[in-house]
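Could you put the whole structure together from the sequences, leaning on the hints where they help?
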Amino acid sequence: MGRRRRTKRHDKFMPLEGRSHHHEPDSLVRLIVSHPTLPNLIAVAIGPTVRISDCSAQTGEVTYLPKVGSSDNSATASVRILQFSLEGTLLLTGSDDRMIALWDTITWKCLANWLSPKKASAGTFTRDSKYILWGDKFGDILIGDCASRNDLTQPQHPALLFGHLCSVVSSISVSPDNRFVITCDKDRKVRVSILPERPLLGCVEIQTYCLGHTYFVSSCAWVSAEEAGGMARLVTGSGDGTVRLWDVETGKLLDTCVVSEPEAEEPSLEPSEVVSNLSGDKMVEEQGGKPQDEDIEEDKGEGVQDEADGRSDAEKPENDEEEDVEEEEEDRVAIGPKCPPVTCVASSRDGCTIATLVEGEDEVLIIKLNTSASFLTIAQRLKYPGVRFPSHALFDCQDRLWVVGGPPLDTSKSAHIGVAAASAGGQSFVSCTSEVVPPSAAAALEQRQENEEKQLEAGALVPAYTKQLMIYRKRWFTPELHDLAKKSRRDYRESERLRKLVEAGAKES
Amino acid sequence: MPVVHDSNPSGPENDAQKEQDLDSRATSKLPRKRFFRSRAHSNPLSDSIMTDIPTDPSQMDWASHFPTLWKANEEEASSSGQQPMVQFADIGCGFGGLLIRLATLYPETLMVGMELRDKVSTYVKERVGALRREHPGQYGNITCVRTNAMKYLPHYFRKGQLTKMFFLFPDPHFKTANHRRRIINTMLITEYAYFLAPGGMLYTITDVKDLGDWMREKLEAHPMFERISDEELESDPASKLLTDSSEEGQKVARNKGETHRAVFRRLEKPRWTNLSKPL
Chain A
0 MGRRRRTKRH
10 DKFMPLEGRS
20 HHHEPDSLVR
30 LIVSHPTLPN
40 LIAVAIGPTV
50 RISDCSAQTG
60 EVTYLPKVGS
70 SDNSATASVR
80 ILQFSLEGTL
90 LLTGSDDRMI
100 ALWDTITWKC
110 LANWLSPKKA
120 SAGTFTRDSK
130 YILWGDKFGD
140 ILIGDCASRN
150 DLTQPQHPAL
160 LFGHLCSVVS
170 SISVSPDNRF
180 VITCDKDRKV
190 RVSILPERPL
200 LGCVEIQTYC
210 LGHTYFVSSC
220 AWVSAEEAGG
230 MARLVTGSGD
240 GTVRLWDVET
250 GKLLDTCVVS
260 EPEAEEPSLE
270 PSEVVSNLSG
280 DKMVEEQGGK
290 PQDEDIEEDK
300 GEGVQDEADG
310 RSDAEKPEND
320 EEEDVEEEEE
330 DRVAIGPKCP
340 PVTCVASSRD
350 GCTIATLVEG
360 EDEVLIIKLN
370 TSASFLTIAQ
380 RLKYPGVRFP
390 SHALFDCQDR
400 LWVVGGPPLD
410 TSKSAHIGVA
420 AASAGGQSFV
430 SCTSEVVPPS
440 AAAALEQRQE
450 NEEKQLEAGA
460 LVPAYTKQLM
470 IYRKRWFTPE
480 LHDLAKKSRR
490 DYRESERLRK
500 LVEAGAKES
Chain B
0 MPVVHDSNPS
10 GPENDAQKEQ
20 DLDSRATSKL
30 PRKRFFRSRA
40 HSNPLSDSIM
50 TDIPTDPSQM
60 DWASHFPTLW
70 KANEEEASSS
80 GQQPMVQFAD
90 IGCGFGGLLI
100 RLATLYPETL
110 MVGMELRDKV
120 STYVKERVGA
130 LRREHPGQYG
140 NITCVRTNAM
150 KYLPHYFRKG
160 QLTKMFFLFP
170 DPHFKTANHR
180 RRIINTMLIT
190 EYAYFLAPGG
200 MLYTITDVKD
210 LGDWMREKLE
220 AHPMFERISD
230 EELESDPASK
240 LLTDSSEEGQ
250 KVARNKGETH
260 RAVFRRLEKP
270 RWTNLSKPL
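Top to bottom, those sequences are chains A and B. The numbers in numbering that gives the first Met the number 0 rise by one with no breaks, and the one at position 41 of the first sequence is 40. The numbers in numbering that gives the first Met the number 0 rise by one with no breaks, and the one at position 235 of the second sequence is 234.
Keep in mind the hints are simulated off the structure, nothing from the lab. Ideal Cβ placement from N, Cα and C applies to all residues, glycine included. One or more hints might be untrue.
BS3-like mimics (lysine-lysine), calculated; alpha carbons at most 30 Å apart, straight line [as the list claims (entries may be wrong)]:
id, chain 1, residue 1, chain 2, residue 2
1, B, Lys217, A, Lys117
2, A, Lys188, B, Lys28
3, B, Lys239, B, Lys250
4, B, Lys239, A, Lys486
5, A, Lys473, B, Lys174
6, B, Lys217, A, Lys485
7, B, Lys124, A, Lys486
8, A, Lys506, A, Lys188
9, A, Lys499, B, Lys28
10, B, Lys32, A, Lys499
11, A, Lys188, B, Lys174
12, A, Lys506, B, Lys32
13, B, Lys32, A, Lys486
14, A, Lys117, B, Lys174
15, A, Lys118, B, Lys217
16, B, Lys28, A, Lys485
17, A, Lys129, B, Lys124
18, A, Lys506, B, Lys28
19, A, Lys118, B, Lys268
20, B, Lys268, A, Lys188
21, B, Lys268, A, Lys129
Which residues of chain B face chain A? A partial, calculated answer using Cβ under 8 Å [as the list claims (entries may be wrong)]:
id, residue
22, Phe34
23, Phe35
24, Arg38
25, Thr54
26, His154
27, Lys158
28, Ala192
29, Ala196
30, Pro222
Okay, here's the thing in structure tokens:
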């Protein structure tokens, strides 16, 4: 054991606001949820604020959820978790000041809160709404009892359900039959654990792993089909640009649907063209949207932007403002498949439609599940007029598709909200934002800012929602340099000597 | 695992002496350990080896690791319909001492060592290759894989595939803040229970008392494992190898340290009955 260091106190014992931040803050994330039984009641989280509005009320009234944390950065702590319970009586929020709160959905009063040991990154209710589960950035899955009530100034300590080792948990979900907990993380794993009868004592059995993604897994959703016996299957979206279908009892991969391809070197090949080549004759163009030319121009702008960035998401414009970012941050390059990642998958109530969002694209991909729940096909590319860079999508109880997007600026407080309903034929979705959300409600929920909108128009902004899930290496340490360093190592020479000995021996005999 | 010192007493080398050694011992068929010396600690949380990991257990190329046995088993496999499987795993195998002793004790069983450090895993592979050449027909059932066992084990093994798992002299991670990085901790025990078949055994041994107590406590508290008493271990040949088969164990014996051994069995179903408090 070494000498104890007297001078430096461990970060853990310092107050929260005094902690040194060794990494840059995460990108702004917008979340949207809709009440499970009241179709027009939606909650939108933009950074630290949560706005709730009942769109059918025509009054444009917006409720703001107050902050329950007492630490200094509670006012600016982004909300990462936003979920309604299955009946809609409870709302779960989790934010970057490590506070997890449970709210009553009638009075919007906070009922109970927990202090998570680390910042939370994903959360959900169990299907019987008895427990809340959330995952944090260090891979732990924590559990709280929904029935508990506490003094809000003394947040409770949660129990530990299980953990992935030191890997950001990007998504957590409970299967519809309440048997399994699915957790997706940055290390390409989708883990299916068996939810025990007394979850507060911990979860000790793993059912299976769903392995197949080649990069981080960002989100998951449940689908089912009548002919497959109504059994739920899992759909996951990942940074490798695919959406995959799994059977959770065995962990078997049933189908892979490629939704984004790596960007080509020359800017003339737009992502939209590449996707259309893939999905072939199954694709149905969205009706009544902008003409095709405009789409291509916008995509081209985004494509060129990404080229210029060189896919190094660490070097966003705000690096100039922040002086305390480590020098390493600017030298980092993201490694991994060079295609735009899938940021969100959402499934409809009838279980056979999936909405997929790809980072940097304005269009939502509608994927259909076939009747025997065994493969996926891209059915439509839906564009919402007025919504840029959607980051989160959701189907409400009437199976209308809501999306939230907006300028990907970390200081933004605005959002773009859109909703689409299935057309009369039932085959495709049509945007109907203006009918569902009255202008007063839209204005109050969205709060668009002129300068941000102008920046969006100019094409100056690039979203980086999944920055925290990517893997980086030092810019100067290229694979070639790595190989060169390896060749000059002593063990390499020894291996070469042995290999030559073996060859010489083989020749002699 | 701390660095194991080579038995060569010549002290630190300079280039001239290195050249001399290379000439005089250039005919040695076994890899010389001093060229593969590596730091004791390797960061288990780093992402640098993510490119070599198989996507899932069916994609793992075991045939290249077990060239003779795999083919033989494939003929059996196609006739009997069963796949050959790796059954023993030595997590943190170091320089491979345990694997080499186990190979002759269980010649029909495929076993694999997982090691995080590049140089050390290369050494084990070279050593196994040399042993296979010198003893034809033997040592075809062991190999070493360079991987991060804490993160990527599910990519190599299926559920219930392993019958024995070995954790010999793991890194103690003394600081409280680093306790979560210990290879035996509650989170990972759940994963090890996933890989072990019911009735499978998990062997741990260490010379650090604090770590020995910690590992025993965590495993005893976990509902999927129960402790095997020393009397039952008398009939198990593998448990006798724990103390002095690996290089680390030999070093402990040389320094006359004490070892703390604990062996556990994986249960069929979790035993919740005598637990009232959380993990």
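Hints, one by one, checked against the model:
1. Lys217/B to Lys117/A: holds (22 Å)
2. Lys188/A to Lys28/B: violated (41 Å)
3. Lys239/B to Lys250/B: Holds, because 17 Å separates the two Cα atoms, which is no more than 30 Å.
4. Lys239/B to Lys486/A: violated (40 Å)
5. Lys473/A to Lys174/B: holds (28 Å)
6. Lys217/B to Lys485/A: violated (39 Å)
7. Lys124/B to Lys486/A: holds (17 Å)
8. Lys506/A to Lys188/A: violated (47 Å)
9. Lys499/A to Lys28/B: At roughly 11 Å apart (the allowed maximum being 30 Å), Lys28/B and Lys499/A satisfy the hint.
10. Lys32/B to Lys499/A: Status holds; Cα separation ~18 Å.
11. Lys188/A to Lys174/B: Status holds; Cα separation ~29 Å.
12. Lys506/A to Lys32/B: Distance ~27 Å between Lys506/A and Lys32/B Cα, so the pair holds.
13. Lys32/B to Lys486/A: With Cα atoms ~18 Å apart, Lys32/B and Lys486/A stay inside 30 Å; holds.
14. Lys117/A to Lys174/B: holds (19 Å)
15. Lys118/A to Lys217/B: holds (26 Å)
16. Lys28/B to Lys485/A: holds (22 Å)
17. Lys129/A to Lys124/B: violated (52 Å)
18. Lys506/A to Lys28/B: Cα-Cα ~16 Å, so holds.
19. Lys118/A to Lys268/B: With a Cα-Cα distance of about 33 Å, the restraint between Lys118/A and Lys268/B is violated, given a limit of 30 Å.
20. Lys268/B to Lys188/A: holds (25 Å)
21. Lys268/B to Lys129/A: holds (25 Å)
22. Phe34: Nearest chain A Cβ about 4 Å off; hint holds.
23. Phe35: Interface hint status for Phe35/B: holds (5 Å vs cutoff 8 Å).
24. Arg38: With a minimum Cβ separation of about 13 Å from chain A (threshold 8 Å), the hint on Arg38/B is violated.
25. Thr54: Holds, about 6 Å.
26. His154: holds (6 Å)
27. Lys158: With a minimum Cβ separation of about 6 Å from chain A (threshold 8 Å), the hint on Lys158/B holds.
28. Ala192: This interface hint holds because 7 Å falls under the 8 Å limit.
29. Ala196: Because about 14 Å separates Ala196/B from the closest Cβ in chain A, which is outside the 8 Å limit, the hint is violated.
30. Pro222: With Cβ-Cβ at 5 Å, under 8 Å, it holds.
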